Amino acid sequence: MRKMLFELNGAKAVAEMHDDVVPKTCDAVWKILPVEGMSIHANWASREIMLHLQGEKILRLPPEGPVRRTTAPGDIVYFWRSPQMSRGKQLAYSSQFQRELSEFAVFYGDPAAGGLAADDPAREGRTANLQVSTLFATFIDLPREFLQRCEEIRHKGLQRLVVSRLEG
Amino acid sequence: MTRVKIKLGAVEAIAELDERGAPKTTSWLKTTLPIKAQAVHSMENGREVYVILDDARPLEEENQTIYQTVGDLVIYYKPAIFVKPEWPRHIRDYLVIGFVYERDSAIRGISAPLATNLVGRITEGLDALAHEAPRMRREGMGKMSLSLA
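Protein chains in written order, with the numbering used here: chain A, 1 to 168; chain B, 169 to 317.
Don't take each hint at face value.
Covered stretches of chain A (in silico footprint by chain B; criterion: 3 or more residues with CB under 8 Å from a CB of chain B, positions within the stretch not fixed) [said to hold, decoys possible]: (1) 52 to 66; (2) 148 to 158.
Within a straight-line C-alpha distance of at most 30 Å, the following computed DSBU-like cross-link-like pairs (lysine-lysine) qualify [stated by the list, open to error]: (3) A:K156 / B:K192; (4) A:K24 / A:K3; (5) B:K204 / B:K173; (6) B:K204 / B:K192; (7) A:K89 / B:K204; (8) B:K192 / B:K311; (9) B:K173 / A:K156; (10) B:K173 / A:K89; (11) A:K156 / B:K311; (12) A:K31 / A:K57; (13) A:K89 / B:K192; (14) B:K173 / B:K311; (15) A:K3 / A:K89; (16) B:K204 / A:K156; (17) A:K89 / B:K175.
These aren't lab readings, by the way, just hints derived from the structure by calculation. Since the structure is predicted, the reported quantities are computational estimates derived from the model, not experimental observations. A virtual CB, placed ideally from N, CA and C, is assigned to each residue, including glycine.
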């Protein structure tokens, strides 16, 4: 399995891709690595930070793999949301992402409502092809320092996150 | 009509208390003000900012709704979602006062909508709050204070 390195303000974590379950999504993600940007904390999904995919790195991938109903700590999800799914102003996001959204969703702790919070019926766009949420990797080395950095984003604001290939 | 000044970071707003709908809670709130504490942005409810209230007096359910909307000022016991077995019972939830500043919000408990005491409505400065809260979310959360206007 291919591995990815996550570096967040000096803290590092390693994730393994689910090549055997969602190979097309993994290939697409692998091709755009390294990716970096300012990560922002979730305001729906609980213990999650997001890295928005910008410019040439933006991904618009079809759904792949089994339909998930829950999310677990350590999961890394490719998430795409169509502009039609937007409700209210997304002023905390840069202008590019205030409607369409393409991101890595990094769950560093227990998601709210067992992972159902970000997928409540009113926000459900999967069946209408308005939303893609594909679990493509899971952390295999998630040090406490990295978790602490994730939590700090909630209180201190955006932090630079770099995601790169881990080879050799 | 009692007016409460809300200061979040660099901006101010005014809320009018619903003393008819929530007489006990608003009366309690008036004895609790002024409040100044670290503002926290919701991570599971959408566009909500709140502060934790350090008050041991039990608060009754009153004027409750699960349909919070933009501008609502609410008080409720927020569940500590991430309960560890060793934590004492009393920190499995904590009292908060907060407001909803934008659509795409719904206050929830562990797995379902959470009824909150609706104590007032923000009548002035809501747009300022709706810009300041996302700014703080990006740049770091500051203090929030509430006081009688």
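We went through each hint and held it up to the structure:
1. 52 to 66: As far as the stretch 52 to 66 of chain A goes, the hint is violated, because 0 residues have Cβ atoms under 8 Å from chain B.
2. 148 to 158: Our answer is that it holds, as 5 residues pass the Cβ test (under 8 Å) against chain B, meeting three.
3. A:K156 / B:K192: violated, 36 Å
4. A:K24 / A:K3: holds, 15 Å
5. B:K204 / B:K173: holds, 12 Å
6. B:K204 / B:K192: Holds - the C-alpha atoms of K192 of chain B and K204 of chain B are around 22 Å apart, at most 30 Å.
7. A:K89 / B:K204: holds, 27 Å
8. B:K192 / B:K311: Within the cut-off at roughly 27 Å; holds.
9. B:K173 / A:K156: Roughly 25 Å between the alpha carbons, so the hint for K173 of chain B and K156 of chain A holds.
10. B:K173 / A:K89: Answer holds: K173 of chain B to K89 of chain A is near 24 Å, not above 30 Å.
11. A:K156 / B:K311: holds, 12 Å
12. A:K31 / A:K57: Cα-Cα ~9 Å, so holds.
13. A:K89 / B:K192: The given pair, whose Cα atoms are some 34 Å apart, is violated under the 30 Å limit.
14. B:K173 / B:K311: holds, 14 Å
15. A:K3 / A:K89: With Cα atoms ~36 Å apart, K3 of chain A and K89 of chain A exceed 30 Å; violated.
16. B:K204 / A:K156: Measuring from Cα to Cα gives roughly 18 Å; hence the hint holds.
17. A:K89 / B:K175: Since the Cα atoms of K89 of chain A and K175 of chain B sit roughly 21 Å apart, the hinted pair holds (cutoff 30 Å).
Hints 1, 3, 13 and 15 from the earlier list are contradicted by this structure; the remaining hints agree with it.
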